[in-house]
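*Asks:* Here the protein sequences line up with chains W and E, keeping their order. Heads up, the first sequence is in my numbering, so the first residue is 1 and it goes up one at a time. Heads up, the second sequence is in my numbering, so the first residue is 138 and it goes up one at a time.
If you are wondering where the hints come from, they were derived from the structure by calculation, not from laboratory data. Any given hint could turn out to be false.
Restraint-style ranges between C-beta atoms, simulated for each label pair [stated by the list, open to error]:
| no. | chain 1 | residue 1 | chain 2 | residue 2 | range |
| --- | --- | --- | --- | --- | --- |
| 1 | E | 402 | W | 21 | 32 to 38 Å |
| 2 | W | 136 | E | 282 | 45 to 51 Å |
| 3 | E | 373 | W | 121 | 23 to 29 Å |
| 4 | W | 128 | E | 374 | 38 to 44 Å |
| 5 | E | 183 | W | 98 | 45 to 51 Å |
| 6 | W | 64 | E | 219 | 48 to 54 Å |
| 7 | E | 377 | W | 62 | 24 to 30 Å |
If you only want the chain E side, here are some residues facing chain W, beta carbon under 8 Å, derived [what the hints assert, rightly or not]:
| no. | residue |
| --- | --- |
| 8 | 171 |
| 9 | 173 |
| 10 | 204 |
| 11 | 206 |
| 12 | 208 |
| 13 | 222 |
| 14 | 244 |
| 15 | 247 |
| 16 | 268 |
| 17 | 271 |
| 18 | 300 |
| 19 | 303 |
| 20 | 439 |
C-beta atoms are modelled at their ideal positions from N, C-alpha and C, and glycine is treated no differently.
Chain by chain, the residues run as shown.
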Amino acid sequence: MKTVIKISLVILFFSTLLFADNYVVISGSKMKDLSHSQIKAIFLKKITVIDNINIVPINLEARDSTREKFENKVLEMDFERLKSYWMNQHYLGKRPPISMQSSDSVKAFVKNVEGAVGYINASNLDESVKVLYKWSE
Amino acid sequence: MRSLILLFTFLLTLYAEDEYQLGKGAQVGSLPLYIGGYFSLDYKHEDDIDRYRIDDIAILGYGDYKNFSYLAEFEFKEMYVQTYKNNIKNTTHNNKLYAERLYVDYNFNENYMFRVGKYNSSIGFWNLLPVNVLRETTSNPMSTNILFPKFTTGLNASYLYYGNGEIKVDVMLQHNNDLSYEYNNYKIDKHYAFGISYEMDNYTFKLNSGYFYNLNDSVLYHDLYYMLASAKYESSKYQVLAEVGSQKSKNNYTTDYAGYVQGLYRFTEQHLGIIRVESYDDSVKKIADDMLILGYTYRPLRPIAIKSEYQFHSDSTFNQLLLSFSMLF
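Chain E extracted, bound-state conformation (with noise of 0.2 Å):
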């Protein structure tokens, strides 16, 4: 099934309307059919581990028609994975393609918009652009991978109000299975969480609630209730990016905080220079900890990347190196 999708997505962008140019797809003859797509490298080294391992291979099918609009994500995640502990050699493959994501959009009018199928939740900056070669270090956050689901299953109704700046208000709603639970954070079937952002000049602020149910037989705690308040600032030289949240049972606290502050410098459009201060408690797991990650990412051009970076953690034996190559097409 998987190499039919590959093939038929070759065969058509051979069909290919306009002339290609690397990360911005291709147009499949003059259908509303956009094709494109993605994949990572990456090598971590941490004390005595060596990880080398084809991340993603993604491919994207997006277009519109009238007032609809539409997207599908296929992806291979960890496709190879090679470790040596030890040096004792592990390898893994996974050859599953996973649906990524898969929906339709409504527009109604300037100001609403309805979503319907799975998509990444609209959570926060970084987990709307989570893929390797768009966001600017190999790693993610932890506060990205344990607060909330990053993907949702079910309904997005957005309202979008233009007056001196611009405010958002997002309503997610999931009361159904997940499309692929492999292919989430958190094996869920509710997720009912609520958005608001303003976006003023270089500035934007968001802040994000919700509540969602962890099917996961091994946890302690199913309902859980999040939240994250998120800020950006962006000009053609920097950006700073800020996440901080929490989340809850009914009862108690299971992650008490984690958040993170990101810098970018840019010193040319090639070179850029990151800085990421992370913290976070996870009560339930017992796990706390500080990070000072540092990076530099390459990009000879911006479709695609090469990234390096170290992370100091506050227990040294996490402290690890990573390196990647990504590319966008």
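Looking at chain W on its own, in the form it has when it is part of the complex (with noise of 0.2 Å):
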């Protein structure tokens, strides 16, 4: 009984890596690789450039799944703490990065425009892209 109890345990455990949602930080394939807190840093536009390129960080829409779990894991901030962070730039002369709509918009955008980076959901990756950073949920 208790060893059917331990592989159940172990097959379930696997099974949750298994169908775990996978997300990534993509940017073009010349950006050199960074770290948690300056990708951080990028998308609280406390970096702007690196090696002399602009960086231009993209978000995905306000209330996108991607994005909540973005923020939380990557910035560690909420929602309200990041509007509130946003409203002190304005008086700091900073704005909020870009939004746009899906995955394959901030993918497209990432892959053509020079110091571009965003993040997408793991099972829209191609190789036309660079991972700079990798999470799960």
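Starting from two chains that each stand alone, build the complex the way the hints lay out.
*Replies:* As structure tokens, then:
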């Protein structure tokens, strides 16, 4: 009986991993490797230039579930706290990242615009973009 | 001149390209120029004094192009003040438009940034977001008024390092006149300062130190040195903020200490409770005070703040009620 329970738990564990949603932060192929704190700083507009290239962070739409996961996991801020952050940044002369409607639009933009950085569900990933960071839910 | 600036700004916003959202400003056409602003009205009741004031009306313009970014802010300060003291009415008007901030930044890369112009001195936390609508209470802590110059006109170099956390180093240099002396808490022509901060998860720690030359003829000491230590914890529900510092001349402490600890609790997105404990000892003016400040802020929308606070002072004649309405647009 104990063996059956153990096997069931192992299967459950691997099933969870198998079906966990994976997400990636992407850029064009020329972008250098970036750390988690650098990616966070890019989306908070603390970093605007890397290697003399203007960095263009791209968000998904405000209530997109991938965006919510990105903000919680990578930026480590919830929606309300980010709203407050960007209100303060307006006084300091900074704008929030531009938004796009779909992962396909983000991927196409990242592929074609030097310095663009976005995030998508890993299931939409292909070899045309570089993966800077991965996380799963 | 000021009417022309206001008219020009209004006309520019008519050409805003995106749909306007309160508190976010508007882009002018497709230019790298965003226009916004803020204003603040307040009321103070203290013993036998009642004061009604239009405190701030300000216009912001900013944008970026390649490695450059810029910001310009013009403000009417204390535009209208009506005071009743022992039932005697006194009204003052100030129609002068001040250049509050005016600077250009150049971002070399992800680590180095260089700024030239007039800017909020990068000291502590409070001084970076000093306008009513953004701060948590109508009043400012005394430590943010008496220890260091709020504004610097000159150069600011920043270095940012991203490891496990974020380290920022700031060097501020002023060796020239202020862009507008009237719009600063100290009349200065020299300010050399250094600051370092460390941010990790929800915590930020900061240390600032500097020297400035006070041009005011009526003061005892002109060469003044200061230091300030600050800490902040922020989560979705809470914020705890503490700043403490000291100021001295070459030989004597001019302010032995000035500091505060403030706690903020977000009951909901709209309703916030604030408690602040403050203390300071100004050796030159021979004033020392301890304060307990209780505040409640209602934000029907995030860029609008309706605030109330009551201040209990160690000398109860200074106890006061403050109410304010402020908006960012």
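*Asks:* Each hint needs a verdict: does it hold in this structure or not?
*Replies:* Evaluation of the provided hints:
no., hint, in the structure
1, 402/E x 21/W: 32 to 38 Å, "holds, 34 Å"
2, 136/W x 282/E: 45 to 51 Å, "holds, 49 Å"
3, 373/E x 121/W: 23 to 29 Å, "holds, 25 Å"
4, 128/W x 374/E: 38 to 44 Å, "holds, 42 Å"
5, 183/E x 98/W: 45 to 51 Å, "holds, 48 Å"
6, 64/W x 219/E: 48 to 54 Å, "holds, 50 Å"
7, 377/E x 62/W: 24 to 30 Å, "holds, 29 Å"
8, 171, "holds, 7 Å"
9, 173, "holds, 6 Å"
10, 204, "holds, 6 Å"
11, 206, "holds, 6 Å"
12, 208, "holds, 4 Å"
13, 222, "violated, 34 Å"
14, 244, "holds, 4 Å"
15, 247, "holds, 4 Å"
16, 268, "holds, 6 Å"
17, 271, "holds, 6 Å"
18, 300, "holds, 7 Å"
19, 303, "holds, 6 Å"
20, 439, "holds, 6 Å"
Checked against the numbered hints above, the structure violates only hint 13.
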